[in-house]
Amino acid sequence: MKRLPDWVTVPLLAFVLSRLLIFGAGILGDTMLPTEEGHWVADENSPFLSMWAKWDSQYYVDIATNGYWFRPGLQSNVAFFPLYPMSMQVLAKFFDGNLIMTGFVVSNVTFLGGLIFFYLLTELELGSDSARRAVYYLAFFPTSFFFSAVYTESMFVFLSIATMYFARKHQWMWAAVFGILTAATRNLGILMWALCIWEWLRSQGWALLAVHKKETWLSLWDGFKRNWFDLVIISLIPLGMLVFIYFLKVNFDRPLAFIEVQSAWGRENVGPVAVLQKSITGLLEGEVNKGWLTRFWNVSFYLFFLALVPFIWYRLGEGYAIFVLIMLFVPSASSIGSIIRYLLTQFPAFMMMAWWGRDDRVDRAFNFTFATLLGVFVVVFVNWIFVA
Amino acid sequence: MKQILKSFLQKLQSIFVKFDAMLNRLRMKIPGLPSNKVLLSAAGLLVVAGVLFVALQVLVAPDQPVTTYTLPYTQNFDDVNLKRWFSQTGVWTIRTGTLQQSVGGEESGQVHIPLKVPEDAAYHASVFITLKKDTRQAGLSFNAQYPELLPKQHRVYISRINPETLELVAGYMDETGAFITQAQVPLTINTTEFRLDVYVYGNSYLVQVNGQRMIENRPLYYKNGMIGFYALGPAVFDTYKVTLAENQNPGDMVYTSDFDQEPGGAGWVPISGTWQIASKQMMQSDAIFVDAAIGYETSTFENYTLRATFTHVDGQGAGLLFNMPSPYSINGAHLVRYSNETDSVIWGYYDAQGVFTRQGFVDASPADKETHTLQVFSGADSYDVFLDDDMIARDVPLVSIQGAVGLITSRSSAAFSYVEAFPLFGATSDPVAALTGTQQPQVTNTPVPQATQTQAPAAEPTKVVAATPVTVEAVDGGSSPYVGVFDGKLSDAGWRIINGDWKFANGNFEQVKVDGFDYAAVYTKTAFQNFSIQTGFSHVEGSGAGILFNMPNTDRLAGASMVRYSDKRDNAIVWGYFDATGVYKNQGYADVPNAGADRHTLRVVSGEKSYSIYLDDRLIVQAVPYESGYSMGYFGLVTSRAHVIYDEVAVDGVGAVFKGTYESMDGFTDQRIVSGKWTIENNQAVQTVVDVSDYVLNTGIQASEYTVSAKITLPETSDSGGGFVIHMNERGSKNNSYIVRLKDGGKGIWWGSINDEGNFKGQGSSPIAGTDKTFTLRLDVKLDVLSIYVNDVEIARNIAISSQEGWIGLLSYGGPVIFEDVKLEVEK
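Chains Y and R, in that order, give the protein sequences.
For the first sequence, the numbering used here gives the first residue as 1, with consecutive numbering after it.
For the second sequence, the numbering used here gives the first residue as 1, with consecutive numbering after it.
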């Protein structure tokens, strides 16, 4: 029997093993520990599925069920981008209309797809060993249970990594297709446009550190004359967001409603530095409780990923580094509360960790830490305690 | 499956190949075109984006997007997804077709409909509000600026200061978030149900509560935006409407009754019952009458409030008629009145046959002898009813949306002290023009144009000279008709010029000076009484042609009656008289089509007590009393600031207009039901009310010499009767008339007069042999002499009657009474 290629088997195994851990921990946590009354029960007939639909899941279900709505000053579902809930709505017919089941399946399938593309991309950048480690680090990251939950993380990861993969392969058409879809999945998906532009520049011999050199620009100009049409293709990536903006304009006369409603969640843009400062102060002065622990993990991982940035720059290139920076700074400009979930989408950081994992001790440390925390966080999450 | 996929891919490939070839051909024409791959890729991506948008719209678009109102807009709160509304505060629910805010406390509730009023549009928003026991404030927010609906809005609300005190507050939210009061008005209305109307114009707004303008002309700080509902404490909202406000200047009151003036009741025409002005009130004194009605014939109304204050004198059953197709009949009219059977107020409408359909009722305390007020808001398609400031009916569908107004009593006697009608703001302030005719199914109605209450501009008096009235014998118009011939010398033709520049020219009589008022020429050879005078004329310049009549003098206007076109505008007719000093006193005026340079005919029918005016064969006004004191005299022509050519002047009897033979009910084109319920079809008139009383159908013909006959079939009852009423002084009342009718189920016939109080005074009677129920009754009338025939047998001859001319009608006593083969031959 012909052996399946590694880009199938490695992600598949990582997927299966990580999901087994997550589902097992989830069942254990849900069964053994009491859950606070009064929370939303996503699926009355399936406690298992209900475990994976919490917090923001309600909004996606609401969008898929009732469509978008906007109430100025209130937490309106226009804050959430459309591709994921639309997929739920369309595919729900294959699951007897069960949106929770559909969301669960979509999340898991797209996560598997994401792992496959992540393997391929990392292999392209760093080789197959690193690719294998990267896939496992991502699959077992402490908050990777969100990849199986009714959330957009898995779809975003799948689409964004696929975009980058095709961009790295200079298959701009496919990069643009996935880029548009990424931009329609989350607000920060538009960053894929920048990443693709950066890749295109790189493909024409341009480098940030060489901007002072005349040859850099001459080379770029030559490349532009030959391949300007690729830029045209790449420039269509923002359509994913623009379509949603136009939709909001048509239906609510508020094209930027998704930004306007952020204040309803108490988010105030004070800047990442101020937020970080406030969070660290809170850690130092607060007493250890649920909130303190949540803040601790968020701050810790935030600082860790931040620390990765110069290494990413050095190893993988400025594009990836800037991507990670933006993905860190934008959400943390108002709050650091869910950072540990947002980190899931910062695939260059996982690539960097995978590179470091060449050292067995580092590899084992990552695996152990991630797996342990993953189990704990799953138990916490399924009991309606806020993780991220 | 593989085959299907293969086939699909092959098809896709062939499509791409075709596109490829097409693009290659295009590239030959446009050399700089990018490669096919690029073009197809770009196109493909655009398709992806397009599909994404379509999917968004189809799958997740809201069922109520934020768009602009499509006006008119009505929200009855029957099927509302409140989730789609912008509910920022409070707890809002839909219950039993109303929107309710149910939370008390210190925080107000607001919800806005996700629709915007069109920019720069003047609009009218209305809502019904019910205050609950704990309601502190309730009203509307408007011009709320989306998405900052709460901090940027205008607001008007009813505020309950304490259990007994209400006030209306209007204002806006300023940039600091404070509410700035622009107006605060105490509300003396003692009710918990309100209709709140807000009219928003370019830069100001006004507010009405229960039809009364409370706040006006307040400046707007925010432009058109969204409208919402506001409450502090629980409150109920119902029937919310938004329409365009077309009238930028809401009119003032259109009609206020003059019952307390001398003489009062101008414009009111009794339909049935006994109506008179007494003790400064309009009183209906016949407590036996069912549906005794009176109509106001001067104006018709649309989108208005009608209010009447009254006291019952005997029984209970007083109320209002509105949206009457004709002021002379209750058929087609809407009705609100006290019930004469139970302690309640009923409302509904009469159909074209006069059958009443009740639309609703509410139990009410007995009216007793207390003063009450009934009020109706008649809107675009529904009406509301108030009794003593309490709303008792809301949004009742209208069957007739505009028309005349009237008063009614049923088996009761009542005195109406005050009646007024004024527009609902936002509607036109002008009474509805009715010259083209209001609806009156079944009975053809001569259209009566509306007359406004505004005094016509007084004609400048002619030079006053000492009065030396010429005493002449007046002849009946019918006995000595005159036809003007405009040839030769004016004086030879009998004409005397009082002033102006008059001349015969080309067979016409022409007045050319345009710089003065009331230029008159008088026919001096004959003075007339009981006549009709008709003129034909055209304006060459200006407007102001008309007729003088019943002039006591041939050298001045003092004492003369006049009717002419207004010299201020050519779409109004004025009538009145000159007093002893020659000063013009206006009695009324009516809007008419523009005279322009067209030929018109103006006719005055002058009877014993009053006169009627026709313009182009259409009745303008009837039964105008002789306030001048003269019911006979000379006639003349008059112009005022106009150059006019008269091509016809003719004087004849009162009935000259109607001269001819009428052999079918269809021939009576101006017939109208005065009382009772009449069905007219297949050349048969049938009165169907069985209660024994006089019921009259006016043929619309007035004459002084004629023969009228009909085959009358009575019902089997022993007290029924049928006949004719003649020489009616008013078209809408049998008072001051003469009746001849079969009685006692056909066993006899009697005749006599009815005075102006409606009392019958018998003059004679005769038995009729036989048991048949069908009779042929014929009357020969010559002025004040009458002969009666039953089944061609003379019953009485040369009966002297008190008047010489008037309207002719069919008379039924009880019912059903059938009139067939009605024939009327009019000599004069």
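Source of the hints: derived by calculation from the structure; they are not laboratory data.
Misleading hints may appear alongside valid ones.
What the hints assert, rightly or not - Here's a subset of chain R near chain Y, in silico, CB distances under 8 Å, partners left out:
no.	residue
1	41
2	43
3	49
4	83
5	84
6	86
7	88
8	91
9	145
10	146
11	147
12	169
13	752
14	754
Keep in mind the model is a prediction, meaning the values are calculated, not measured.
Even for Gly, the Cβ is constructed at its ideal location relative to N, Cα and C.
Are there hints from earlier that the structure breaks, and if so, what are their numbers? Going through the list in order, the structure violates hints 2, 8, 9, 12, 13, 14 and respects the others.
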